[in-house]
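Chemist: Sequence:
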Amino acid sequence: MKIIIRHLGLCDWLYTEKKMHKFTTNRDRNTIDELWLVEHYPVFTYGISEKKYNASYIHGIPVFKSIRGGKITYHGPGQLIVYLLINLQRKKIKFYKLVQKIEVVVVKLLKDLQISSYINEKWPGVYVKKKKICSLGFRIIKGCSLHGLSLNVNMNLTPFKYIDPCGNKHMSMTQIKKFNKNISIKIIKDLFIKNFCIFFDYFVINN
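The UniProt record's numbering puts the first residue of the sequence shown at 1, with every later residue one more than the last.
Check each hint, because a few of them may be wrong.
[Said to hold, decoys possible] Label pairs and their calculated CB-CB ranges: (1) Ile119 <-> Thr31: 26 to 32 Å; (2) Lys101 <-> Asn156: 28 to 34 Å; (3) Glu121 <-> Lys18: 32 to 38 Å; (4) Lys186 <-> Asp28: 31 to 37 Å; (5) Lys194 <-> Ser116: 15 to 21 Å; (6) Asn30 <-> Lys129: 43 to 49 Å; (7) Leu113 <-> Lys18: 18 to 24 Å; (8) Ser49 <-> Lys142: 16 to 22 Å.
Calculated directly from the structure, the hints in this document are not laboratory data.
Beta carbons: idealized from backbone N, C-alpha and C, even for Gly.
Start from the sequences and build out the full structure, keeping to the hints where you can.
Modeler: Written as structure tokens, this is what we have:
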């Protein structure tokens, strides 16, 4: 099945969420699925199940409510965000299977870098040495997914200390740079696209 890859660079989170929501609500059964690979300017976002946070700023960093599921998290430069705009009905994938397969894609990506990681059934995402390296959060509209995952590559992790990441006050975060100091976002993008297309049976029609 075809998929379009869009490299959006460093961009504003709120603009991107509005753009992907518009894409999803306007798509039809023939719309080709897309992956958007981005980095965001520093921002905290929280999903529809988060009740604790209502501030506009935390330590000077803006806070926005998102239409995705999940609790609060942080995005910033050096973190790869992948938005998955997939017609799950056409692809015949249940939501829980989408989550499971994305976690496996990230585990395989990290294995390609000689980083041993694992999945925690209680707390969705991917972990390395009891610390979280990848977070997930989705929304389903008309049988299609939007939002996706954030993978910590080479970023400032300090803002995670200002919140309870993903609603867990005991959660500690880590990143790929700790285990591979010469890594780049481009390498991670290429590895993600390769593994994603293998596990989800897509072929890229642009990149």
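Chemist: Hint by hint, note whether the structure agrees.
Modeler: Hints versus structure:
1. Ile119 <-> Thr31: 26 to 32 Å: Because 31 Å falls inside the window, the suggested range holds.
2. Lys101 <-> Asn156: 28 to 34 Å: Once the Cβ atoms are compared, 30 Å apart, the range 28 to 34 Å for asparagine 156 and lysine 101 holds.
3. Glu121 <-> Lys18: 32 to 38 Å: Distance hint for glutamate 121, lysine 18 holds at roughly 33 Å.
4. Lys186 <-> Asp28: 31 to 37 Å: 33 Å, holds
5. Lys194 <-> Ser116: 15 to 21 Å: 19 Å, holds
6. Asn30 <-> Lys129: 43 to 49 Å: 45 Å, holds
7. Leu113 <-> Lys18: 18 to 24 Å: Taking Cβ atoms as reference, leucine 113 and lysine 18 lie about 34 Å apart, which means the hint is violated.
8. Ser49 <-> Lys142: 16 to 22 Å: Hint holds: Cβ distance 21 Å, inside 16 to 22 Å.
Comparing the model with each numbered hint stated earlier shows that hint 7 is the single one that does not hold.
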